[in-house]
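Visitor: Make a model of the complete structure from these sequences and hints.
Number of protein chains: 2
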Amino acid sequence: MKADIITIGDEILIGQITDTNSQWIAEKINLSAYEIRQITTVGDNKEQIKNCLDNVIPNTDLVIITGGLGPTEDDITKETLADYFGMKLVLNYDVLSDVQSFVNSKGFKMNELNQKQAEVPEHCKILRNKNGTAPGMWFEKEQTIIISLPAVPFEMKEILKNCVLPELQVLNKDKESKIVHKTVLVYGYPESELAELLSDWESKLYNKIKLAYLPSPERIRLRLSIICDSEEKALSIIEDEVNKLKKILGYHIFGYGDTFMQNVIGELLVNREKTLSVAESCTSGNIARLITSVPGSSMYFKGGIVAYSNEIKNKMLNVSESTLQSYGAVSEEVVKEMAVGQRNLFKTDYAVAVSGIAGPGGGTIDKPVGTTWIAIADTYGVSAFKFNFGNRRELNVRFASTKALDLLRLRILSRS
Amino acid sequence: MKADIITIGDEILIGQITDTNSQWIAEKINLSAYEIRQITTVGDNKEQIKNCLDNVIPNTDLVIITGGLGPTEDDITKETLADYFGMKLVLNYDVLSDVQSFVNSKGFKMNELNQKQAEVPEHCKILRNKNGTAPGMWFEKEQTIIISLPAVPFEMKEILKNCVLPELQVLNKDKESKIVHKTVLVYGYPESELAELLSDWESKLYNKIKLAYLPSPERIRLRLSIICDSEEKALSIIEDEVNKLKKILGYHIFGYGDTFMQNVIGELLVNREKTLSVAESCTSGNIARLITSVPGSSMYFKGGIVAYSNEIKNKMLNVSESTLQSYGAVSEEVVKEMAVGQRNLFKTDYAVAVSGIAGPGGGTIDKPVGTTWIAIADTYGVSAFKFNFGNRRELNVRFASTKALDLLRLRILSRS
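Just so you know, the protein sequences line up as chains A and B, in that order. For the first sequence, my numbering gives the first residue as 1, with consecutive numbering after it. For the second sequence, my numbering gives the first residue as 1, with consecutive numbering after it.
These are computed hints drawn from the structure, not numbers from a lab. Bear in mind the structure is a predicted one, so any value in this text is a computation, not a measurement. If a hint is listed, it holds; no wrong ones were tucked in.
Copies of the same chain look alike in the list, so a pair counts if it fits in one copy or across any two.
Mimicking SDA-like on lysine to any residue, the simulated pairs with C-alpha atoms at most 25 angstroms apart in a straight line are:
1) 247 / 181
2) 210 / 48
3) 161 / 215
4) 141 / 51
5) 315 / 347
6) 274 / 310
7) 367 / 103
8) 106 / 216
9) 130 / 365
10) 347 / 314
11) 106 / 128
Guide: Now the structure itself:
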């Protein structure tokens, strides 16, 4: 089956924002056994939207539209779709109640614009939105399903996951081909090195399996997918391949599916009833933020010190002034004292410390921008590791944070 | 004048990568007085590419194509374009010399695949590529210019900047229309409320100005753009409207262009030579992370305490046990003691403290998930404010962090 994505928004056409929704949708829809035929971005313009629909609908089975559903005048997708499908806009009381709840939860009052969000094309199926005021809408025309979703990513994602994908699954349950997939989460190799390491395995991979590398600073997702008639058989084929991967990659596989390093660490600490705190200089709270992105992290995470200045490293973490002066803040000696100081101060089983030069300023010949020391302290002592994460400030922080979490993960695993 | 962008690549359609080239091209082309009509992504498929060109060329003045120019078999853009325009592929010696230089510079040898990169459609204009093996190509058909560029961002950008934009400028030098933009950054209103507040102004807006609302949890960008023959005149028209906006929105305008709250705070603190620290519970390092995303933030930011547990609030920030017991961690009393304790501990001019229930657990009837207290302490004392940011953990943290920064901004402004 074929699917099209249409993104509506002047802000994309003038280059003000990158359309990241389409990638997310493409990946999800792809896993529901649709091949994406085309992605089209058009402006908030009635005629353009209609022309685009005219071009797309006869050539595809499913159209996912995002954008143009806000309450303001420049957003015209809903009116355009109503017009295109020859429907009137009518007030929908379910949607009105959703909008009211949402608006109230934010402490705001209903106004005319919000009320207008509850007017929907009369014969479309409503996909309710708990996270915003614009409902999703499901239309059908000439055997093609056309779905309109808001462009705000978390609203769009929730509606797609909760209302669209399950419904598509039901509709397509009699069609023979199913896509079965498993994602292996790998950390610690650049993509090209991983590809080289896996080239032999890849060349012998069961020929119906499609392999995709999905790299980001936090993890490389290796997605194995297979289209087949028997789900059971497909799962067993994929499991065989994953077992081979385990032998090649060992501890570099940190999980499966869609989890992150911080979730894996959470499980390890909960299972072992251990606690954690962090002392952050260049990552400045980012590791703490990642750790607490896991619901329930208060069970094992006590908090930490953001020690951005040397004064705070000394005063709070007990890093000695002479160490700071002799070796500089970005050094093995300082980061070890930070980790030990943090562990003592917060009385946790594990402490992580990071000190680095995030850039753009602050680099020297000996310690160029990107130089980063990470230390892990536990009851057995403290170890430190040196890295260079390059010269882009934001990426640097992301790389350093994930590496610190991975070192912690390996430390926990090595002691149990 | 109108322009279209076509991106060619299977990897985008399966959701493997985000197409960031289109945003960059859109912005650049837009500033050359082209309005982008549509962005289309198609696969590495001859028929699809031809269909797309058939649909696009009659409706636009300029087409920028990226992708599908690599040396491997899946890349078919060049052959498809030659075929589409009825041209043969011929060896071009200028390109061959470029390819040879490039390959040599990397320490590799020429092979058959590289040699093939120097074959180009016979009557197209070549746009030479110093950074890779695929040249850009310039075609014309029915008054429309069609330009094909490699998808590697660095190669594409260099060719566009050096060969395409200057050429377009020469071609269009007699055409008078220019696009001028200004973006006003607003915080503190939901989009619908802002739209209501501005409806009167909007209805009287100079009729050639296009207005767009671009909302995110961190800010609403109000983009005013105008196409006109004189840049000077356009700027003055936009400036008039911005002045009217200033009267309506006052301090809710926190900046212009593409800045963020943390950058504005950085400037305020640097100008006043003041220092800052933060005490974070539910935001757990996120405010510290935002503040230090600004290069040079070490000039005013000393760091902070991530006080995720009550024990740490008490031990580090000196929040009294009786306050914690009487009022609970998420309360006016506790957040004020956190801010004052933080300010004393780190000896900073300003301290921000946040305590809230990020969810999904931990809510009660009196204090539902999302309840958040924020306090700002300075030399004049401490103030606290209560909010509810809803029940989604991650968003909650983003909303709370930006609100805390905004309260700090207003506090700094109110004292100077």
